[in-house]
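Given the coordinates of chain U, work out where chain X should sit on it, guided by the hints.
As given, the protein sequences belong to chains U and X, one line each in that order.
Under our numbering, the residue at position 181 of the first sequence is numbered 181, and the numbers go up by one with no gaps.
Under our numbering, the residue at position 208 of the second sequence is numbered 208, and the numbers go up by one with no gaps.
Derived BS3-like pairs (lysine-lysine); straight-line CA-CA distance at most 25 angstroms:
(1) U/Lys31 / X/Lys155
(2) X/Lys415 / X/Lys359
(3) X/Lys404 / X/Lys353
(4) X/Lys155 / X/Lys322
(5) X/Lys164 / X/Lys398
(6) X/Lys153 / U/Lys31
Calculated from the structure, these hints are not laboratory results.
Since the structure is predicted, the reported quantities are computational estimates derived from the model, not experimental observations.
Listed here are the chains, written in short residue letters.
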Amino acid sequence: MGEDRARVICYSLLLALVFLGIWQASVAGNKPGKGLPGPVAVAQTAAEMLANPFYNNGPNDKGIGLQFLSSLGRLAIGYIAASVVAVFLGVFLGLSPTLYRAVNPYVQILKPISPLAWMPLFLYTIQDSGSAAVLVIFMSSLWPTLANTAFGVASIRKDYLNVAAILQLSWWRRLVTVILPGAAPAVVAGLRISIGSAWVAIVAAEMLIGGTGVGYFVWNEWNNLQLTSVIFAILAIRLIGVLLDAGLGRLSRKLAYAD
Amino acid sequence: MDEKRIERAIELAVFGGEIGRRRFIARVGASTAAAALASVFPMGAAKALAQQKVGPIEKKDLKVGFIPITCATPIIMAEPMGFYEKHGLNVQVFKASSWAMIRDLSINGETDATHMLSPMPLAISMGVGSQSVPYVMPAVENINGQAITLANKHKGVKSAADMKGFKFAVPFDYSMHNFLLRYVLAEAGVDPDKDVQIRAVPPPEMVANLRAGNLDGYLGPDPFNQRAVFEEVGFIWMLSKDIWPGHPCCAFAAKKEFAEKAPNTFKALLNAIVDATEHAHDKANRKRIAAAIAPRNFLNQPVEVLEQVLTGVFPDGLGNTKTVPDRIDFDPFPYHSMAIWILTQMRRWGYVKQDVDYKKIASEVFLATACRDALKGLGKKAPETTSVKHTFVHGKTKLFDPDKATEYLNSFAIKRA
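Pulled out of the complex, with its shape left as it was, chain U reads as follows:
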């Protein structure tokens, strides 16, 4: 078993090295600063950026660390607000099949709209670009959690609810001790999908509104056709995305139960 695992890691690293080698070789002929940059150039840029990630040179030029913090701050506000709303609505919809069927068509209509399409409307109505970006995150992380919560609550074994009714638990205690724990695995699965789509949306939203955030950083480097920075930013965005997902993955393993 242990030997097997070591072999897997070896193959993975070998694949990465082969990929980087081919990448570097394919760009070796380019003049410096022209054409697609190779992994060495990207690594150099990464080292420069990471050497001083928290410098603040006015509103239009901040270190990569500050940009990520600002994006994560937006993400946290929009995502937490959306999650609270989605879980509450989801519980109601899951408990009442009639309500669920009445609301479902609207959810289906609103769900597939790209959250970015809301941006002009938000800008016009709330008149604040920062809040508009947060609302875009809200829209992008609302639907998966809502749908999963409703599904999870609806599929709790009826025995559990019956027992709760016999014990004459209050509505609140039923919610906290029976419904939410019962639906927890489905809810967390929804939260996990939501954070992925929220992280995707924030980068695009920040490219539109400018100011701060990792999306603005990518846009600003694109202006200068500074592809090494763009590639570095893509890798960093991915890394943060993976970490966010892994955090919720760990939570979901804790909350899993067998009927």
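Chain X in isolation, oriented as in the chain U frame:
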């Protein structure tokens, strides 16, 4: 000028002369008359604008939006080179990603004043392509400084007549770029609405689109024309100064509400901008300016490219090095006649459907008098007349007479009006 005289001049204008004014005052009393007048006319703003000296500044900390292009040079350089500070202001310039965003940031009040394309304050004031918000534009930023850039595969193109089927980009519908490109195409008999495609693309994205083959060319702002040459993906086909020498391009604008609520701040800001614009006009300063606006927080461009743009000594992408000192120039004076030309083109291409009072809108938005006062206050020369005739040199030389705007509009064969 003293305050009473200004008040009096306004009263005379409003009541239709001395007799009307006396009758009104006799009926309601002098103070009521003044109060009634102040309720319909921003007396404080008029007084502040007419005075050479700036009174106490209402708001010191300001945010001014800009798009990272060389047209915004005076607005940007005024921060690192200390022009805002010199005029008693603490300004932070804020980089925006697109013209639609610049418009919304300004309308929403997230910026106090802003870099705009000179047709934008006219369009927004009229509620064309936007909600209707009264704007004022007391200064032009740059004149000239744009170019038609074509992809390398079009090196054989001699005249605009060869451009049928091209996909073009301009920064925004309400831009000089759009109107000048349409002018050039139409002069060669190419209908800009039927024979080519013109799309709005934010300037920074033009080079990438040209490289990707999404575009055949663009009439765009610098440094993105020179950047296409630098990246070896395109060449400069024509400088915009060879269409209309001295045409306005970008501008400094603010909501009328801001100018009225904080007249002294508005004035100080205008003084700083005009001061910076005059400094940029002096060719001896151009290299230093290029270095000041190149860093990541401003234009984020190679200094080399900015120098080529600002000094006018540049490779054109066809193997020639050209020397055109007035490739871009900086002149703040917002002639009403410039606004009138822009309005005729908005009418010509169907952005405005009904006839408009060209002169009224031009004088309400393009604050030539305020700019003249600022210039004089700084000890600079200022034009005495607010309207002049403009000469178009591309194709058949044509004169634009602002007093004959309708005849001018009717003289075009290709138009939507």
